[in-house]
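There are 2 protein chains.
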Amino acid sequence: EQEDTDNGQSLVFADLTPEEMVQVVRYLQENLGVPLVDASRALPSDNCISYIDMQVPAKAEVLQFLDGGGARPTREALAVLYFGNQPDPNVTEYVVGPLPTPTYHRDVTVQKYGGKVPYHRRPTLAVEYKQIAGFLRSQVFPTAPSFMHQNVSGFFLHPVGLEVLVDHSSLDISQWVVSRVFYNGQYYRDMAQLESAYVQGRISVEKVKKAPRDGDFSSMKPRAPPATMFPVQYELQGPRYSIRNNHVVFQAWSFAFGMSVNTGMRLFDIRYQGERIAYEISVQEALSVYGSNCPGGMSTRYMDGSFGIGRFSSPLVRGVDCPYSATYVDVHYLAQSQVSRIGKNALCIFEQNLGSPLRRHYSNLQSFYYGGLVNSALIVRSIATLGNYDYVWDFIFYQNGAIEAKVQATGYMSSSFLHGDGLRYGNRVWEHTLGTIHTHSINYKVDLDVGGVKNSLVAHDMAFEMARAPWSPEQQIERPRLTKKVLDTEDQAAFRHQSKMPRYIYFAANSKNKWGHQRGYRIQIVSFAGEHVPETSSMERAISWARYKLAVTRRKEEEPTSTSIYNQNDPWTPTVAFADFINNETITNEDLVAWVTTGFLHIPHSEDIPNTVTVGNSVGFLLRPYNYYDLDPSIYSHDGVFFTSE
Amino acid sequence: EQEDTDNGQSLVFADLTPEEMVQVVRYLQENLGVPLVDASRALPSDNCISYIDMQVPAKAEVLQFLDGGGARPTREALAVLYFGNQPDPNVTEYVVGPLPTPTYHRDVTVQKYGGKVPYHRRPTLAVEYKQIAGFLRSQVFPTAPSFMHQNVSGFFLHPVGLEVLVDHSSLDISQWVVSRVFYNGQYYRDMAQLESAYVQGRISVEKVKKAPRDGDFSSMKPRAPPATMFPVQYELQGPRYSIRNNHVVFQAWSFAFGMSVNTGMRLFDIRYQGERIAYEISVQEALSVYGSNCPGGMSTRYMDGSFGIGRFSSPLVRGVDCPYSATYVDVHYLAQSQVSRIGKNALCIFEQNLGSPLRRHYSNLQSFYYGGLVNSALIVRSIATLGNYDYVWDFIFYQNGAIEAKVQATGYMSSSFLHGDGLRYGNRVWEHTLGTIHTHSINYKVDLDVGGVKNSLVAHDMAFEMARAPWSPEQQIERPRLTKKVLDTEDQAAFRHQSKMPRYIYFAANSKNKWGHQRGYRIQIVSFAGEHVPETSSMERAISWARYKLAVTRRKEEEPTSTSIYNQNDPWTPTVAFADFINNETITNEDLVAWVTTGFLHIPHSEDIPNTVTVGNSVGFLLRPYNYYDLDPSIYSHDGVFFTSE
Ligand SMILES: [Ca+2]
Ligand SMILES: [Ca+2]
Ligand SMILES: [Ca+2]
Ligand SMILES: [Ca+2]
Ligand SMILES: [Cu+2]
Ligand SMILES: [Cu+2]
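Order-wise, the sequence lines are chains A and B.
If you number the first sequence the way the numbering used here does, the last residue is 1380 and the count never jumps.
If you number the second sequence the way the numbering used here does, the last residue is 1380 and the count never jumps.
Hints were generated in silico from the structure; no laboratory data involved.
Please note that a few of the clues may not be correct.
Identical chains blur together in the list; that is why a pair holds if it fits in one copy or across any two.
Said to hold, decoys possible - Pairs of lysine-lysine residues, derived as BS3-like cross-links and limited to a Cα-Cα distance of at most 30 Å, are as follows:
hint, residue 1, residue 2
1, 1140, 1234
2, 1219, 1234
3, 1234, 1218
4, 1078, 1218
5, 1246, 955
6, 864, 955
7, 846, 1234
8, 1234, 1188
9, 955, 1248
10, 1218, 850
11, 864, 1218
12, 1234, 1290
Just chain A, same shape as in the assembly (with noise of 0.2 Å):
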C-alpha cells in the first residue's frame, strides 16, 4: 500500500455527502418562496427538485487552492428545479451555497444557456412515465377493450407491435390526448379506430404468445449448472493501493474521483510521480441512434445523459462485475426526490494483473539476459444501467504512466416488432423481434495539464520521401520520415469521423525533456465509429460533438460539458450545441481540453440475445507519454524483473 499524502485536498471534488444534501433541501424548501413537491410524485404543474448534485469549483480557484497555497473553495451544490406551477414554467438551475449549512442560492441559467430554460425541455421524471401509462391504462386501452383483449406486455426483447404516441405536452395531465396508434405497421387515429378495424377484421392480428415469467429465450439464467470454479485472482499480500475519500494512491498514480448524477464517472488533479498529467477526465455522454420501421424505434436517439448515467450506477456484483477482490464503494445521490439515496458498491477499485508483460526481452545474441515486468494495472470501474443497456466504465492505470479510458457496451438490446420490411432495419432475433440498427457513441472530456496548464496540440505522423542511397546512387529509397505540424487553432483541431487524422497527436508542455523534446502526452483512440447523423438533420446539432473523432478546444470555465441534459427533449433547439466550442481560436500555449468520441456501430444479431457481450463492443482511448518523461518510468516498479547468466 502506497503512502497517501493527500490531505483531504480531493475532497474539493468529492461529491455531495448525504449530510449536504439535507441542508440544500431544507435550504430550498426554506428560501424559495414557492412549495416544492417530491418529485417522485409531482404533477407536471407542481414545481419540485429535480436533482441535485455537487457544483464543480472553478479550475482557477482550485489550482490556486492546490499548487498556490490559497484557500479552500467555497463548497457549492448546484441545484436543478422543475417550475410547473409558475405562469412561465421553467426549469431553473441555482448554485447554492456555501456547505455545510447554505445560505446564498444564485440562479445561473440565464449565465449557463444564454437563456431561460423552457419547460418542455426538461428531463421525464420517472412519475410522469407512471401517469403516461396510467392514462393509457385508464384512458385509452379501454377504448378498444376486444383488441386489447388478445395484446400482451412485453419489455426490450418482447415488443408486440402496438404503439402509442401520447402528447403529454399539456401541465395538465387531464388534457392529455393521443395523437396517434401504430399496430403491426398501420397508423391509426386512436384505439377507438383500431378497435373498429380489428373488430371487422380487416387487420392482421400477431399473437404474440405472453412471455413466461423467467422471460424465455430473453432470460439470462443459465442454461447449465455450476461446475468447476473459473480462475480468480488474489492479493496476496493484500491490496497494493490505497483509497481514503475521494483519493487513490497506486505506486507512482494518485486522483481523485466522483460521480456526476448526469455524467457519471468522473476523475480530477491525475497525477504521476506527484506531476499533475490531466485536470480531469470525465464521460460526458453515451448516444444511441436507431433505425427501424416501427414508430418507436425509427425516432429513438438515446442521449443517456439526460436519463442520468451517473444515476443510474448499478450495484457491481462481485466475482461478475469486478473480481472478489476489488474495494467497493458506495455514492450518493439526490435526484427526483427530496431524500438521498445511497448507490450500493456503484464503483469498484482494484488491481488487475493482465496475464501479459507490459515489456520484456529476452536476450541470447551478444549476452543472455532477461528483463521484463509483468502488466499489473489500477482500474476503477462502474456500470451503469440506463434501460436496457449496461455500459461498463473503466480507467485504467499503467505502470508505464499511461491511462486508459474503456468502455464496454452490454444488456439487452433494443428491439422492434418485426413486420413489413423490418429487415431493412436489422436481423431478425427471435420469432416477432427485429434487432434494429443503431450507433453506440461515448464522448470523453480530457483536460490534460502537461507539465502545466498551456499546452499546444502536436502532430506527428510519417511520409515517404524518396532517396537514392548515397552508396549507389542507382538505387532508389523510398524513405519514411517523420511529419510535424502544429495544430495552432480549434478548427484544424477538429477531426470529422471521415477526416483522416495524424497518427500520433500529443497535448505538448512548454518544457522540453532531457533530450531536447517537447514533453507530451499522445492521444490514441480505439473506435469503429462513423457518421452520427447526417449534418444536414435539424437535430444534429444537439449532438455535434459526435461529429468529431477528436476536438481540441481552449477550456472554458462556461463550456464545462460537451452537451446537455435538455438537448434529448428538444434536439431542435439544443441547450449547449457543442460544435459552437469549435470557432477557430488559436490553442497554442493555451489550457486546451480534448473531446474523444469513440463508438461502433451495432447491428444485432442472434448472438446478442439474450445480452450483447462485450467481447468486440469495447471501445476507448489511451493517453501516453511521449517524450514526457527522460525514460520508461515503470523502470522504477518494485515488479521488475531481470537476470542474466553472469
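Using the hints provided, position chain B with the ligands relative to the given structure of chain A.
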C-alpha cells in the same frame, strides 16, 4: 477439465518430433548424393540443411481423413537445403516422406515457386554473420588502426556511428570486399580512406563512452527492489482446459496447435461445439520499414519470417510472460544444424479471468434481477524475440464463440547514431541515440470454414435514408438502415489501407440460422497501420500483403502463405508476391481465406528506453459469430450467475 474426444486426429497437424527429424536428416545425408556440411559451420560454398519442418498435408486430404473417414494423410517433412557446392548454387526444397522412416524425397521448388530459387535469395545463416564479423575484424578494421583505437562496440541502443557495407556475394569468402564505409554522416570508399581522413584530423569524431557491461541506461535492471507482491491468479479447482499432444479442449472449444519454423504459431481445426469454424489461423509475417539518415537504418525492411518467427520463440518466464499457473509447452525445431533443438517453454496455455463481465444486465425497472457471466477466456501465447524486438502472439478463445488474435510489441527499439539531420527521422532518446521511425505490419492467414468449406463474403453497414415521420409528415427523420452487399470477387474483397471498409464483413455459410439469416463469422480488425511503402517502390511486390487491411481470396493449396523467406534478400524479385493471389476470381460459395494485416506506426520516444511497452502497441483482430448460433452460446456456460428477488 473437459473431455478430449480427439483420438490423435490432431496429430495430422503436429510439428515434427525430434525422432522424426533425426530420420529426415539421416535420410538426406544418405540419399542426396552430395556431402552435407552442418549449417552451423558451413561456408557459403558448402551444401547444408537450412531447416526442416512439417510438410502440412493438403487440406482436401486432411478433411477426408477428419470428416470423411478417409485414410490418415502420409506424414511428410519439408527439408530446405542450401546448395552452395554446386555448379549452379541454389536453394532446394524437398518433401521427404513417409515419416517416421523416409523412403522418398521430391524436389518441390519449381512447383512451389515457378522456378529454381537462386542462391543469393537464401536467408543468411548465423555462421555467415560470424564470418562477416571475422572478415571485418581480421581484414577490414586493421586497415584503420588509429581510427579504430578510439572506437567502441554497441548494440541496439548503443550505435557508435560506424557502419560498413560488405559485399559478401561471392561464395568464396576470401573474395569479400568492403563496398563503402560510413562514419558520423560521411561516406568513405573503405577503412583506409577513413583512417587517412582521421589521421589528418579531417573528420569529426563523436566520442561515445564505452557502454558498461550492464548496458547502463539500456539495462532493464529494476531501479527499485521487490516489495509487495502483485496480484496473482489461481485455479482453485485446477485447470479447466486439457492439452493432449497438440490438441487443446476448453469448454466448447477445441483446436490443434503447431509452431512453424518460419511463420511461428499456427492453429488448425478450430471447433466450437464440435463444429469447425476455422481450418487454419496462422501468423504469416512481421514487417518493419525504417527511416534514418544512417545507411543501415534507411535500408532496413525487416521481414521477420525470413529470420524465423517460430525458430526465435523465446522461453517464457513464469509470472511475467504468462501467469505462474499457465501450462508451458516445449517445441522442437531443426534449423541451421543437423540436430534438433528444444525450445523450452515456447508456448503457454492458460485460462485468464479478465476481471470484467462478458455480459451482464441489472434490472430494477419492471422486475428486479441480475444476470451475468465473468469474462474468462483461454489464451495460447508465444513470444518471438527477433533480434531487438519481442512480439507477444496471443490467440484468445472467448465463451461466446469469439476468437481473438492479438500481437503486442515490446523489447528494444532499433536505433541509429544521431548526427546531422537525424531528427527528421525520429526522436533523440539518449546522448547519441536516434530512435528511428518505423512501421510494424503483421499479416495473418485466416482460413475460416463457416458451416462447411463453401463460403461467401458479405458486407453489412449502415446508411441514412431520409424519411417523413408517418405520424407527422412535416417531420423529417434521418433514418439509419442496414446496407448489404455480397463481395463476389477477389478485387472487391481487397481493401487497401486508405479505402473505406464496410463496418461488418463476414464469412457467410450456405446454411441459415433459426431466424432465416445466413450463418456467419465476422472479421473485426483493430489496427493503426497506414501505407506500408509506396506501391511504386521496386520492392513493394515483395510485401504486397501489407497493401491490404483485409483481402479475401479463394483458398489454393498453391498459395499456402502470403510471403516467402526468400523475399527478404531479394525483394526486387519476390519469390512469392501476394498481390498475384488477387486476380479477380469469384469468391462466392468457395473455400475462402482472409488475409488480415494489422499494425501501427512507431515513432520511438524517450519512454521506449529501455524497452518499448505493450500498452498501446497492441493490435489484432476478432472473429465473432454473426447470426451463426441461434442465440449467444455463452448462455450454456457453467459460470453464469443469475439472481432475482422473486
Ligand atoms: Ca473555442
Ligand atoms: Ca488542459
Ligand atoms: Ca486468386
Ligand atoms: Ca475457408
Ligand atoms: Cu447496441
Ligand atoms: Cu517499433
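Copy assignment of residue 1246 with residue 955, given that the CA separation must stay at most 30 Å: Between copies only: 26 Å across, 57 Å inside.
Can you tell me if residue 1234 and residue 1188 fall within 30 Å by alpha carbon in one copy, between copies, both or neither? within (26 Å within a copy, 37 Å between copies)
How do residue 1078 and residue 1218 come out at 30 Å by Cα distance, when the copy is not named: within, between, both, or neither? neither (49 Å within a copy, 45 Å between copies)
At 30 Å max between alpha carbons, let me know whether residue 846 reaches residue 1234 within a copy, between copies, both or neither. neither (34 Å within a copy, 40 Å between copies)
Could you place residue 1234 and residue 1290 in one of the four classes (within, between, both, neither) given a Cα distance threshold of 30 Å? For residue 1234 and residue 1290, the Cα distance is within 30 Å only inside one copy (27 Å; across copies 36 Å).
Within, between, both or neither: residue 1218, residue 850 at alpha-carbon 30 Å: Neither: 46 Å inside a copy, 46 Å across copies.
Under a CA distance limit of 30 Å, which applies to residue 864 and residue 1218: within one copy, between copies, both, or neither? neither (58 Å within a copy, 40 Å between copies)
When Cα atoms must be at most 30 Å apart, do residue 1234 and residue 1218 count as within-copy, between-copy, both, or neither? both (15 Å within a copy, 26 Å between copies)
Status of residue 1234 relative to residue 1140 across identical chains (alpha carbons, at most 30 Å): both (23 Å within a copy, 25 Å between copies)
Between residue 955 and residue 1248, at a C-alpha cutoff of 30 Å, which is it: within one copy, between copies, both, or neither? between (58 Å within a copy, 21 Å between copies)
When no copy is named, should residue 1219 and residue 1234 be tagged within, between, both, or neither for a Cα gap of at most 30 Å? Answer is both: 14 Å inside a copy and 25 Å across each meet the 30 Å cutoff.
Which holds for residue 864 with residue 955 at a C-alpha limit of 30 Å: within a copy, between copies, both or neither? within (29 Å within a copy, 65 Å between copies)
Hints 4, 7, 10 and 11 from the list above are not met by this structure, while the remaining hints are.
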